[in-house]
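Trainee: Assemble the complex: chain A is given as a structure, and chain B with the ligands must be docked to it using the hints.
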Amino acid sequence: MNKICIETSEFDLKITSNEDYFLEIKKALTLKVSVCKNVQSKIIFLSKDSSIDLDIELLEFASLDIQGLGINTTLTCNTKENENSNLKSVISIASYKDSCNKININMASSNSNCNFFLNGVNLENNKLYFTVNGIINKNLENVLLEENTCIINRKDGDSKIIPNLLVDSDSTVANHSAFIGKLDDEVIRYLNSRGIEDREAKKILLRAVLLGKMDLGEAQEEFRNLLNLIID
Amino acid sequence: MNLELENLSVKVDNKDILKDFNLKIKPGEIHAIMGPNGVGKSTLSKVIMGYPDYKIVKGDIKVDNKSIKELEITKRAKLGIFLVYQNPVSIEGVRSSEVLKSSYDAVSNEKKSLYEFITNIEDISVELNMNKDMLHREFNVGFSGGERKKNEILWLLMLKPKFIILDELDSGLDVDSLKVVTEALNKYLEENKETSVLIITHYTRILDYLKPKYVHMVKDGTIIKSGDFSLAKLIEKYGYNQSFDIKGDLTCE
Ligand SMILES: Nc1ncnc2c1ncn2[C@@H]1O[C@H](COP(=O)(O)OP(=O)(O)OP(=O)(O)O)[C@@H](O)[C@H]1O
Ligand SMILES: [Mg+2]
Chain A
13 MNKICIETSE FDLKITSNED YFLEIKKALT LKVSVCKNVQ SKIIFLSKDS
63 SIDLDIELLE FASLDIQGLG INTTLTCNTK ENENSNLKSV ISIASYKDSC
113 NKININMASS NSNCNFFLNG VNLENNKLYF TVNGIINKNL ENVLLEENTC
163 IINRKDGDSK IIPNLLVDSD STVANHSAFI GKLDDEVIRY LNSRGIEDRE
213 AKKILLRAVL LGKMDLGEAQ EEFRNLLNLI ID
Chain B
171 MNLELENLSV KVDNKDILKD FNLKIKPGEI HAIMGPNGVG KSTLSKVIMG
221 YPDYKIVKGD IKVDNKSIKE LEITKRAKLG IFLVYQNPVS IEGVRSSEVL
271 KSSYDAVSNE KKSLYEFITN IEDISVELNM NKDMLHREFN VGFSGGERKK
321 NEILWLLMLK PKFIILDELD SGLDVDSLKV VTEALNKYLE ENKETSVLII
371 THYTRILDYL KPKYVHMVKD GTIIKSGDFS LAKLIEKYGY NQSFDIKGDL
421 TCE
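So the sequence lines, in the order shown, correspond to chains A and B. Counted the way my numbering counts, the first sequence spans residues 13 to 244. Counted the way my numbering counts, the second sequence spans residues 171 to 423.
Same shape as in the complex, but just chain A:
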């Protein structure tokens, strides 16, 4: 895995061969990712206190698995997929400041797949908004778009999920799921009954919301440690 620490405000990542990247984002960033024809890649990113403007383009037969955690991050993300491309994205945001995030998923060509998970934890009494627009262009065939969004309020924050699916084609499958809620008391009690204190139980469950869907490999420890500091 190539590890890149990004300290500039703009960065272009053109992926031309099957390689994986770990990006550590140090300040507000405009990040352009393009995955070339026939290339398969995985990107893991981590950002704290920096907003991200992310543009992803997948060329024909490209496939990208992108997983990222933003702490106090505001994310704007535009994706564009070309023929026979495959995008899997799991992005999680934990915030104790207002954060309004916007995702635009543009399925521009036939035979493309997109599976987008956006998970959030609203830590304090702040705003956490997710706007997710999925656009499937006219006359496309065999397009699959799945958007899954979830926000857990640790306190009584103002959380919103605004989903829009604009589908202009018949031969497509497009799904959207959205959940806003609190941690499940029944599960917390269950963990309590096995000796795990409230604080630790909540930490385990919030971590699960944010990292549970990711497959981080070696980066797991770093993500966990960072989260432990934040959600104590």
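If you're looking for bench data, these hints aren't it; they were derived computationally from the structure. Errors might be hidden in some of the hints.
[Claimed, not checked] Below 30 Å or equal to it, Euclidean Cα-Cα: the simulated DSSO-like pairs (lysine-lysine) are:
no.	chain 1	residue 1	chain 2	residue 2
1	A	Lys-215	B	Lys-332
2	B	Lys-189	A	Lys-215
3	A	Lys-60	B	Lys-271
4	A	Lys-194	B	Lys-181
5	A	Lys-214	B	Lys-281
6	A	Lys-167	B	Lys-181
7	B	Lys-225	A	Lys-215
Mentor: Just chain B with the ligands now, kept in the frame of chain A:
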């Protein structure tokens, strides 16, 4: 562990569930509770565990002659009370090994490295005829009813409790699994003579394996009849209503 329920009355959502419930379980004793659906058996198990939404309006719960009424649920777990749930929850995004380790670190006095810990639970999972992979999967997610029950027993054997409540352990377990699980429990009880057990069940098969000394019949939130193992057989044969009416030498001391 010596556990006593004294005139215990409990309300949930302002509804009376347990009424003047009395039960004494001495160290090493195995008791069984049987009763129709909805009479308050699971409620009883959660009250013993310390669920705060179940309000004790009267009476007391004592462990080794000290009231535990005010003890929080985690403190009771640390005292050695372990509840095997009728319907164990699943937890998305969290591996079994992770929750088990947090629990072990919280409850146990022995310190174990992660390696020792994993080896230990792998040994237990072999004993219970479980797939070792389950430890590295999300906790109970996609597990069958029986697999969840085995996971409960795995957890139990890891924490080494002094008072065990089995709330319908037998529901969900197939015949062979019930045998494997009760054999593991019997072995544990053999090695831990002071550990007492409260079995909640609708069927005698589990009692055939675990051999309770006393069987109690519960109705309308209280024990209406106590006896030995033969009471369980009677309930199985005649049902709750008729068994209650049958007179005979069934009462325990
Ligand atoms: N949290 C709760 N809120 C409201 N009512 C409850 C709650 N918990 C239990 N009850 C009610 O209390 C009664 C007893 O329930 P409980 O689960 O203890 O029954 P049970 O004897 O275990 O039944 P079963 O044999 O079906 O498992 C039921 O009428 C149930 O609906
Ligand atoms: Mg029950």
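Trainee: Each hint needs a verdict: does it hold in this structure or not?
Mentor: Against the structure, the hints come out as follows:
{"no.": "1", "hint": "A:Lys-215 - B:Lys-332", "in the structure": "28 Å, holds"}
{"no.": "2", "hint": "B:Lys-189 - A:Lys-215", "in the structure": "38 Å, violated"}
{"no.": "3", "hint": "A:Lys-60 - B:Lys-271", "in the structure": "29 Å, holds"}
{"no.": "4", "hint": "A:Lys-194 - B:Lys-181", "in the structure": "26 Å, holds"}
{"no.": "5", "hint": "A:Lys-214 - B:Lys-281", "in the structure": "23 Å, holds"}
{"no.": "6", "hint": "A:Lys-167 - B:Lys-181", "in the structure": "28 Å, holds"}
{"no.": "7", "hint": "B:Lys-225 - A:Lys-215", "in the structure": "27 Å, holds"}
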